[in-house]
Every structure is written in C-alpha cells, then in structure tokens.
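Asker: Listed here are the chains, written in short residue letters.
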Amino acid sequence: MNALLQHSSPHGTPQNNVTRMMLQVLLALVPGIIAMIWYFGWGVLINILLSCSAAVFFEALVLKWRKRPLQPALSDLSAIVTAVLLGIAIPPLLPWWITLIGIAFAIIIVKQLYGGLGYNPFNPAMAAYALLLVSYPIQMTSWLPPEMLTDVHLSFSQSLSAIFSGILPAGLSWDAISMATPLDDMRTQLGQSNMISEIRQSPLWGDYGGRGWEWVANWYFLGGLYLLYKRVISWHIPVSMLASLALFGLIFFSLDPQSHPVPLFHLFSGGAMLGAFFIATDPVTACTTRKGQLIYGACIGALIYIIRSWGGFPDAVAFAVLLMNMAAPTIDYYTRPRTFGHAERERD
Amino acid sequence: MSFSNNLHHPQRLWHFHGGLHLEECKALSNGTEIRPMPAPEKLYIPLAQHIGGPAEAMVSIGETVLSGQKIGRAQGYISAPVHASSSGRVIDIGDYPVPHPSGLSAPCIVIQTDGEDRWPQPPASENYSSLQSGELRERIREAGIAGLGGALFPTSVKLNAGPEHKISTLIINAVECEPYISSDDRLMREQSADIINGIRILMHMLKPERCLLAIEDNKPQALDIMRQAVSESGLKQCLVCKIPTLYPSGGEKQLIRILTGKEVPWNGLPANIGILVQNVATVAAIAQAILQHRPLLSRIVTLTGQGIAKPGNYEVRIGTPLSDLIAFAGGYQQPPERLIMGGPMMGFTLHNDAVPITKGSNCIIATGRDELPEAVDALACTRCGQCERVCPAQLLPQQLYWYARARDMDKIQDYNLFDCIECGCCAHVCPSHIPLVQYYRFAKNEIWAKEEDKRKSDRARERHQAREARLARLEQQRKSRLRRKKEALNKKPGNKTADPKKTAIEAAMKRVAEKKKNRPATAANTQNLSADQEKQIQQANARRQATTEDPPA
Ligand code: SF4
Ligand code: SF4
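Respectively, the protein sequence lines represent chains G and B. Counting from 1, position 70 in the first sequence corresponds to residue 72 in the numbering used here; the numbering is continuous, with no gaps. Counting from 1, position 97 in the second sequence corresponds to residue 106 in the numbering used here; the numbering is continuous, with no gaps.
Hints listed in this document are in silico derivations from the structure and should not be mistaken for laboratory results. Each hint should be verified, as a subset may be incorrect.
[As the list claims (entries may be wrong)] Label-pair restraints from in silico Cβ distances:
#1 229(B) <-> 15(G): 44 to 50 Å
#2 292(G) <-> 171(B): 55 to 61 Å
#3 22(G) <-> 111(B): 34 to 40 Å
#4 32(B) <-> 25(G): 50 to 56 Å
#5 480(B) <-> 70(G): 52 to 58 Å
#6 313(G) <-> 281(B): 53 to 59 Å
Only a predicted model underlies this, so the values are computations on that prediction, with no experimental measurement involved. Cβ atoms here follow ideal geometry from the backbone N, Cα and C, with glycine treated the same way.
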C-alpha cells in the first residue's frame with residue numbers, strides 16, 4: 003500500500019488561527035474608528051492607512067534581513083493590528099514623519115529585534131506611542147476638537163496636505179484648529195486650582211467625558227464586547243482594569259468631589275476603553291494566568307489613575323501598560339494555577 | 010450544579026476544568042450491529058499487548074493449539090498471558106510488525122488457523138459467588154484481561170487495590186468520549202447482559218458501597234438499555250449516570266471528578282481515595298472469563314473513517330491482521346491517507362495495515378481525502394491562553410511549550426509536565442497550530458532518558474520519597490496486623506490456656522510457609538512491589554509513551 007502519512011496526535015487542524023483572531027480584533031475596532039473619523043476628520047483615516055503601509059513595509063524589510071519567510075509573518079496581520087492601534091492613538095494631523103518613526107520603532111525594534119510575534123516583551127504600539135510622546139510632546143498633544151465644537155472641517159485633501167506638508171488651508175493656523183484633549187484640559191485646569199464644577203461648565207464636556215470622546219469610547223466598548231463574545235479575549239483584564247480605575251476614581255471623588263472628576267470620566271476619557279479591551283489584552287505582553295490577569299488589569303487601572311492625577315502626562319494608558327508588561331512574567335510565575343490533583347500552593 | 014438523571018436517585022455531577030466539545034463523527038459507525046468476523050487464515054499474536062512485562066511463549070513451532078489455549082504465560086506480577094484466538098498450528102514465533110507509533114516489530118506467535126475453531130472440553134461450571142476474590146482475580150489474570158479502553162493495564166493488578174484501600178465506589182467507564190469510536194456504545198446496546206454479569210462479579214469481589222455506570226448523553230439508546238438492564242438486575246447500589254458530552258470526560262481522573270467531585274492526588278491512585286474505575290468492555294470480558302471460562306480472545310473494534318467501504322463495529326479475534334479486517338469490511342473506499350489507531354485526539358498513525366488487532370485496538374480510522382486534515386504551518390505562540398482554558402489537567406500548556414522548546418527540563422517539571430495526560434485539547438485549539446503534545450512527549454522522553462542515567466531529577470526524588478513513605482506505611486500495617494492478630498488470639502476463649510505469644514508465632518510461621526508455597530500463583534499486592542518490579546513498571550510506562558518521532562524542531 004502507499005506510504006501513509008505519519009502524524010502525532012491530536013489529528014485534524016484546529017478551527018481557529020492567528021489570522022482569524024487578528025481579523026476579529028480589527029473588525030472590533032471598526033465602529034470606534036468610524037466614530038473617530040466622524041468626530042475628528044479624515045486625518046484619522048490617513049494616519050491609519052499611512053501607519054499600516056509603513057508597518058507592512060518595515061516588517062517585510064526586517065524579515066528579508068533576518069532571512070525569514072515573508073508570508074506567514076505578514077499574513078498573521080499582527081503588524082496591521084499594531085499599526086492601527088498606533089494610528090488611532092496619535093493626533094489626527096500628526097506630521098507624517100513622526101508616524102513613520104513610531105511605526106519603525108514599533109516594528110523593527112520592539113517587535114522584530116526581540117524575535118517577532120510572540121517574543122516581544124513590550125506592546126509595540128504602546129512602546130512607540132510612549133517614545134513619540136516623550137520625543138515630540140507638542141505635536142503629540144495637539145488634538146483637534148470634536149466636530150460639534152468647531153466650524154473648521156478639513157476635507158480629505160486638506161487633511162492630506164496638512165499631514166504631509168504641514169500646510170493648512172488659507173486663513174487657518176495650527177493654534178486655531180488644534181485643541182487639548184479633555185484629559186489634558188482637566189489636568190491643566192485642576193493644576194490652576196479650578197473647581198470641577200467650573201471646569202465642567204465648558205462646552206468641551208459631555209455627559210460624563212469629553213464631548214465626542216465619550217462616544218468614541220462607547221464604540222470601542224462595543225467592539226470589546228464583541229471580542230469577549232467571540233472569545234478572542236477573556237474578561238479578566240478589561241474588567242479588572244476598568245474596575246480598579248473606577249474604584250480609584252470613586253475613592254478620590256468621594257473624598258473631594260471638587261478636585262477629582264467623577265469616576266465615569268476616567269473610564270470614558272483618553273485611551274481607557276481602547277486600552278482595556280484592545281491594548282492591555284494583547285496576549286503576547288500580558289499575563290497569561292487567570293489570577294495573573296486580574297492582578298495585571300487591576301494594576302494597570304491603578305497606574306492609569308495615579309499617572310493621570312499626579313504624573314507628568316495627561317493620559318497614561320501607554321505608560322501603565324508598558325510598566326505592567328515588565329511585571330507580567332513575574333506575576334505569571336507567582337500565580338500559576340493549581341494543577342489538577344495537586345494541593346494548593348505546593349511548591350518546593 | 011446537579012443534574013437529575015434518575016427519578017429515584019438524583020446523582021450530583023461535578024465539573025472538571027476545560028475540555029472540548031468535539032465534532033463526534035460517531036454516526037459513521039454506530040448505526041449497524043456488531044458484525045463478528047470469522048477467523049482469518051493466519052493470526053499474529055503479539056506477546057506484549059499490555060502494560061508490564063511481555064508474556065513468554067509456551068508453545069513451540071509446529072505445535073497444534075486449540076481455541077482459548079494459553080500460548081504465552083505472564084512474566085512478572087504486572088503482566089498478562091496471551092491465548093490462541095482460534096485453533097490451528099503454530100507456524101512461527103518471531104518479530105512481526107505490531108501496532109505501535111514507531112512502526113516497530115515485536116515478538117509474535119503466528120498461528121495458521123484450521124478453520125474449525127476447536128475448543129477444549131469446558132470445565133464444569135460452578136457458582137462464582139462461592140469463590141474468594143483472590144481466586145476470581147487469578148482467573149481474570151489467567152484470562153489475559155487488560156484495560157480494554159485502550160490503557161491495557163492488567164486488570165487483575167488493578168483489581169487488587171490492597172487491604173489498606175477499601176473501595177467504596179466502583180465506576181464503570183462507558184463514556185467513550187473520543188470522536189469516531191462507538192465500540193462501547195454498540196456493546197452496551199447489544200450485550201448488556203454480559204456487562205451486568207461483570208458488574209455483579211466485581212461487586213462480589215470488591216464489595217463497594219455503590220457502583221456508578223457513566224455514559225455520555227450522546228448515547229441515548231445505550232443509556233436506555235443500560236438503565237433498563239440495571240433496574241431489571243436488582244442491583245440496588247448500581248446507578249446509571251448520564252453525563253454531559255465533553256471531551257475528555259472518559260479520562261479516569263476526569264470521570265472520577267465528574268461523578269464524585271474528588272481529585273485523584275497527582276502521586277496516587279484512585280484506590281487511594283476509595284475508587285476503582287473499569288472500562289465497560291473490560292467488565293464484559295470479565296463476565297465471559299468467569300462465567301464461560303472464555304479468555305480474552307476477541308474484542309469489538311470500531312472500523313471507521315471515510316476511507317472504509319463499510320464502516321461499523323466488528324468483533325475481531327486478537328491477532329487478526331488489520332488488512333484482513335479491512336477486506337472483510339468491504340475494503341477501502343478510497344486510498345487512505347492515514348490509518349489512525351485509537352481516536353483522533355489520542356490515537357497514533359500506523360505505517361501500514363500489516364499489523365494485527367490487539368487487545369487495545371478499540372478503533373481504526375482510515376481517513377479519506379480532507380478528513381481530519383493535519384496542520385502544517387505552525388506559527389509562534391502568541392500566549393493567547395486558549396490552550397490553558399481547555400486543559401483538563403489545569404496546566405499552563407504555553408509555558409510547558411516554552412520550556413520544551415528551550416529544553417529546560419527542570420522548569421518544565423516545575424510546571425508539572427508529568428500531569429499532562431496528552432489529551433490533545435491544547436493543540437486542538439491552538440490558533441498558531443503548534444503541535445503541543447508532540448513537544449510534551451518529546452520532553453517526557455528526554456527526561457525519562459536522563460533519569461535512566463542519573464536518576465537524580467526531581468521526579469526521581471519524588472518517587473523515592475513516595476516509596477519511602479510506602480515502605481513506612483507497610484511497616485506500620487505489618488505491625489498493626491500483628492497487634493490485631495495478637496488481640497484476636499487473646500480474645501478467643503479456647504485459647505485461654507495456650508500461651509498467646511507462642512500461638513501467635515506459630516500462626517505467623519504457618520502463614521509464612523503457606524505464603525511460600527503459594528507464591529508463584531498468588532498475586533502480590535501492588536503496594537508491595539520489589540525494586541525490580543517497580544523498574545519494570547516504569548520501563549513499561551516509558552515504552553508505552555515512547556514514540557520515535559523526531560524531536561520537534
Ligand atoms: S493556544 Fe497556542 S498560541 Fe495560544 S498560548 Fe497556547 S500554545 Fe500559545
Ligand atoms: S495535552 Fe496535556 S497540556 Fe494539553 S490540554 Fe491535555 S493535559 Fe493539558
């Protein structure tokens with residue numbers, strides 16, 4: 003008879019694959035991205051497209067250089083996910099070369115130099131974001147106001163020229179069109195000892211977060227629920243992270259409601275929602291044990307609150323995630339689950 | 010949570026961690042009756058069909074044998090004899106291919122059958138209930154019965170839990186959780202009387218408080234038939250338990266957990282917590298051995314897969330070449346790509362069909378085109394944790410994989426590699442398509458090989474400690490036994506005048522003499538193994554697990 007195939011059990015191909023999981027992540031991001039384009043203009047889309055093409059380019063470059071096959075690494079879509087996450091984290095009209103620097107750093111240094119997908123200790127998108135924030139603080143904090151707060155709506159080509167040549171349509175200046183994010187605003191004003199009740203008078207504010215911003219967060223939240231439903235992520239990290247952020251918010255809010263915003267403000271501002279479902283849950287860099295994930299998420303929530311309230315930067319998701327990336331292996335080690343048939347905590 | 014599966018005795022069920030809902034593929038084979046296959050022209054009967062020492066041939070070339078005649082005697086305590094599964098003439102004793110992942114050859118007795126299936130005069134039947142459990146165990150041993158679920162551990166050894174372990178719960182495993190396999194399902198539907206008789210015999214031997222027969226809810230007919238059979242049997246302490254279909258519920262430790270909520274300690278046996286599990290087909294074989302004096306000569310084999318013309322269950326004599334069985338089943342439907350012995354989750358691929366059916370061959374799958382396609386493109390581990398979610402042993406498969414790749418054999422044991430039951434759940438869900446189980450087997454083999462040389466790894470130390478503890482326990486037991494004997498002697502009124510000490514010594518000496526006389530025949534206690542026997546078990550285990558697959562790159 004013919005030579006039969008030899009294979010080790012189990013037999014049959016798993017239903018799931020990495021590409022499919024990454025696709026689901028991308029799909030889950032779509033509503034939030036549409037909302038961002040709606041509120042902040044075409045710049046968001048241009049950033050995403052720019053960073054994606056750059057990511058594919060750099061990934062291919064390094065693979066070539068490392069003499070690795072291109073196809074599997076590129077088709078797993080992990081570089082695209084990194085690029086999209088960075089693309090939506092940066093201000094909509096960020097000069098193109100800053101985006102490129104960020105992507106190059108994320109893909110070449112943070113991901114590929116450590117050995118590629120699965121080996122990187124730090125979340126590439128967040129590492130790049132942190133680098134850019136530290137290196138280009140002015141550009142990285144000039145956001146656009148949401149569409150309801152401004153009369154200036156740049157067209158696609160105007161956004162394109164703003165990003166690639168820095169030229170704004172006649173009669174507009176960068177100062178005139180840019181605006182701080184609500185978190186930034188809250189920080190600055192609290193720094194000037196203004197009361198929360200005064201700060202909240204500004205038209206910048208919606209129901210519990212910044213206008214426009216809170217809706218973007220809502221849509222990311224929805225995407226996160228989809229990922230939970232599809233079992234791409236488990237609930238442990240998002241729930242513990244948001245719960246601890248809210249808890250910290252609640253404690254300080256109840257101590258002094260005039261100098262601390264309501265807890266919901268923290269959940270629906272900045273990158274908290276995006277971070278909880280899409281960034282902190284990056285499996286490669288997060289904790290992998292169940293208990294570890296609860297600790298990991300809770301610590302990120304706490305760090306976000308601490309850095310937002312007392313740190314040097316208005317938003318803190320990137321720094322909190324990176325700090326906890328470092329702690330993840332240790333947390334994993336000490337939270338190993340009890341093996342079946344073993345007594346609890348039986349270690350030599 | 011609890012499921013009420015019997016109006017009179019609601020049986021509470023527990024969960025184990027993880028597990029998988031798999032595509033069952035049982036309909037391919039479970040719709041038709043078991044077809045008995047006549048004796049083939051030649052039988053290739055391997056001497057090693059069980060865990061433990063291989064049997065030793067006790068016939069010579071040219072000798073005529075009868076059906077059921079013992080042709081290989083058990084060697085050592087953990088061993089089992091083999092029998093001629095039909096009458097004929099021994100034409101060779103030598104190495105022939107056997108079903109093993111490595112495709113190796115092993116010693117077999119080859120019988121040219123005469124087509125007459127001649128049996129010796131059956132011995133006069135007697136009532137087994139007059140026999141002691143030791144005698145019954147000996148008969149089971151002589152019948153060559155080993156765990157027919159595929160584990161192949163000699164049944165008589167497993168039944169001898171030792172006096173210090175009172176078996177309170179007897180579990181009959183009819184879960185059959187692997188896809189494709191339906192031999193136990195058909196057995197229950199067609200031969201429930203044998204199963205009931207087997208349960209009766211085991212209840213007589215072990216005197217458990219209760220007996221639980223576990224069947225997955227994907228076998229409604231078998232459930233109905235067994236419930237009816239149990240209620241008609243009048244076995245009061247016996248209960249049929251319907252358990253939810255979830256792979257690997259049929260794993261011994263998982264099943265115990267489901268039915269009793271208890272976990273078998275990692276370094277112990279079910280007997281340590283008063284439980285004994287027997288596969289349902291083994292139970293039927295016990296009934297045949299005791300009631301009909303019929304040793305284990307045949308078994309029910311599920312022959313299935315899209316590559317087979319007439320998939321179904323066949324009653325096949327041990328030693329029948331697989332190619333003959335497939336021809337009997339109408340031949341191949343299409344040229345098979347793979348032959349899998351066992352289920353798709355834990356079975357292994359055969360190199361060809363020129364191997365005999367053995368006691369452990371519960372299922373053979375000839376895969377058709379696109380059936381169970383094997384993954385080829387492994388990517389890096391993303392630490393997604395899917396594997397951990399499904400691992401019934403509550404391990405961290407991704408960490409085990411990491412250390413297996415790094416060849417860090419200390420760390421991997423730290424993460425309890427040896428608690429991995431190789432169920433394949435982790436690999437089945439891994440989005441990166443990493444052949445995880447292959448890595449674990451590789452690491453286990455690596456460690457066993459190292460242990461063989463140095464015997465100084467963690468595991469060896471643990472074993473040593475366990476042994477020390479066991480010896481201490483035995484000493485304790487011996488002492489307390491002596492004490493009890495003494496007390497008993499003191500109490501006997503007739504002995505009042507005799508010197509109790511002297512009587513005790515005399516009694517002990519008599520016991521020793523008797524023991525000596527009986528030693529070759531009487532089965533020792535599993536807990537009472539000599540160093541040699543211990544080593545034998547280990548080696549057997551190693552062999553069982555050993556594959557010749559290349560270490561995964
Ligand atoms: S399922 Fe595969 S990729 Fe995911 S953590 Fe486990 S081994 Fe890694
Ligand atoms: S094969 Fe081992 S590690 Fe994988 S799921 Fe089964 S017990 Fe867990």
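Asker: Taking the hints in turn, state whether each one holds.
Answerer: Do the hints match the structure? See the list:
no.: 1; hint: 229(B) <-> 15(G): 44 to 50 Å; in the structure: 30 Å, violated
no.: 2; hint: 292(G) <-> 171(B): 55 to 61 Å; in the structure: 38 Å, violated
no.: 3; hint: 22(G) <-> 111(B): 34 to 40 Å; in the structure: 35 Å, holds
no.: 4; hint: 32(B) <-> 25(G): 50 to 56 Å; in the structure: 23 Å, violated
no.: 5; hint: 480(B) <-> 70(G): 52 to 58 Å; in the structure: 56 Å, holds
no.: 6; hint: 313(G) <-> 281(B): 53 to 59 Å; in the structure: 56 Å, holds
This entry does not satisfy hints 1, 2, 4, going by the numbered hints stated previously.
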